[in-house]
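> Sequence:
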Amino acid sequence: MDGVNKMQGLFNIINIPFGYLMRFLAMIFNGNFAAAVFFFTLIINLILIPLTLKSQKSTVQQTRIKPKLDELKKRYGDDKQRYNQEMQKLYQAEGVSMGGGCLPMILRLVLMMSIYYLIMAPLTYLANADASLITEAAKAAKLNSANTSYELQLVSWLRDNPNSFPALQESLKSIDLTLFGLDLTQTPNFSFDFSKAQAIWAIPIGAFLAQMLTSIVSMKMNKRNNPEAPTMAGMMLTMPLISLFIGFGLPGGVGFYWICSSLIGGFIQVGVQYFYGPFKMLSKERAKEVAARCDFEATQLKKLGDIEESLEE
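Our numbering puts the first residue of the sequence shown at 508, with every later residue one more than the last.
Mixed in with the good hints, there may be bad ones.
[Claimed, not checked] Label-pair distances were calculated between CB atoms; the ranges are:
no.	residue 1	residue 2	range
1	E578	V779	28 to 36 Å
2	Q592	F782	32 to 40 Å
3	I554	S698	39 to 47 Å
4	L748	F531	32 to 40 Å
5	N654	T745	23 to 31 Å
6	L553	I520	20 to 28 Å
7	M534	C801	57 to 65 Å
8	M534	T745	36 to 44 Å
9	S671	T745	42 to 50 Å
10	Q588	F752	40 to 48 Å
11	E578	N654	49 to 57 Å
12	S681	I712	24 to 32 Å
[What the hints assert, rightly or not] Pairs of lysine to aspartate or glutamate residues, derived as EDC-like cross-links and limited to a Cα-Cα distance of at most 16 Å, are as follows:
no.	residue 1	residue 2
13	K649	D667
14	K587	D577
15	K596	E578
16	K573	E593
17	K580	E593
18	K680	D690
19	K575	E593
20	K581	E593
21	K680	D667
22	K596	D577
Hints in this document: simulated from the structure, not taken from any laboratory. As the structure is a prediction and not an experimental result, all values here were calculated from the model. For glycine and all other residues, C-beta sits at the position ideal for the given N, C-alpha and C.
Please work from the sequences and hints to get the whole structure.
Structural data, given as structure tokens:
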């Protein structure tokens with residue numbers, strides 16, 4: 508429990524200001540949780556576009572100097588220390604950062620984890636309810652606060668016990684935690700007995716389909732930009748299956764976020780690939796190299812011409 512609380516405490520640094528944004532969006536849409544999550548995810552993904560471009564540029568730079576790295580490996584492959592030294596010199600000379608693509612990925616992961624905690628705690632961040640009151644209600648409901656989804660479970664319990672904790676009941680009136688009639692606090696329970704199928708199954712299945720769609724489109728875009736790139740069909744199927752499996756163990760609100768994240772993030776990634784694909788960016792980089800080389804040669808020829816003129820005089 509302490510570990511979970513400490514982790515959530517760390518993310519509170521980001522969650523608290525994000526919570527204000529989420530409440531603002533919910534207010535615009537009459538407290539609709541699903542609409543707030545959708546537009547919140549859209550805003551975050553738009554903010555992250557510069558990081559995506561930075562990561563893309565870093566990948567292109569790595570590709571650009573790969574032939575030189577391969578040459579260094581041939582020369583010093585047996586001497587690891589010398590190879591690392593020469594590699595660092597090459598990166599410095601070419602103005603390429605060795606970890607240029609890492610920071611955007613780490614920051615994106617931190618932000619996404621923060622969003623996860625934000626969505627899992629609608630009473631804290633969306634309704635701005637008193638923390639001590641939430642803890643008291645969780646004890647009354649016999650919920651384990653070490654479970655990151657306990658606030659969504661608490662919302663369900665409060666609905667079943669409308670006369671308990673009036674202050675929290677009042678906070679709940681400002682939140683609509685349904686989506687087309689689906690209760691997003693409900694956790695889908697899978698069964699091979701399809702006579703027990705639940706409407707909430709649509710959420711994890713939707714998350715699976717959204718990830719499959721974006722994976723297929725992304726794979727085709729990558730193949731178009733780089734025909735020699737590996738297909739990675741296994742990864743394309745693995746990630747959606749993981750989201751499907753996990754989705755049946757988490758409240759629908761989290762699965763809905765995954766749907767939004769997959770579709771919005773995938774659409775933006777396709778746009779980035781189309782306008783700033785590695786092949787296009789690499790072509791621009793190589794064009795710059797050719798232009799720089801031509802300028803250098805022109806300068807050298809001019810100097811040579813000036814020397815010849817001075818000798819003739």
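> Now look at each hint and say whether the structure bears it out.
Consistency of the hints with the structure:
| no. | hint | verdict |
| --- | --- | --- |
| 1 | E578 with V779: 28 to 36 Å | 31 Å, holds |
| 2 | Q592 with F782: 32 to 40 Å | 38 Å, holds |
| 3 | I554 with S698: 39 to 47 Å | 40 Å, holds |
| 4 | L748 with F531: 32 to 40 Å | 36 Å, holds |
| 5 | N654 with T745: 23 to 31 Å | 26 Å, holds |
| 6 | L553 with I520: 20 to 28 Å | 22 Å, holds |
| 7 | M534 with C801: 57 to 65 Å | 58 Å, holds |
| 8 | M534 with T745: 36 to 44 Å | 39 Å, holds |
| 9 | S671 with T745: 42 to 50 Å | 44 Å, holds |
| 10 | Q588 with F752: 40 to 48 Å | 45 Å, holds |
| 11 | E578 with N654: 49 to 57 Å | 54 Å, holds |
| 12 | S681 with I712: 24 to 32 Å | 30 Å, holds |
| 13 | K649 with D667 | 14 Å, holds |
| 14 | K587 with D577 | 14 Å, holds |
| 15 | K596 with E578 | 14 Å, holds |
| 16 | K573 with E593 | 14 Å, holds |
| 17 | K580 with E593 | 10 Å, holds |
| 18 | K680 with D690 | 15 Å, holds |
| 19 | K575 with E593 | 11 Å, holds |
| 20 | K581 with E593 | 12 Å, holds |
| 21 | K680 with D667 | 14 Å, holds |
| 22 | K596 with D577 | 14 Å, holds |
Checked against the numbered hints given earlier, the structure satisfies every one of them.
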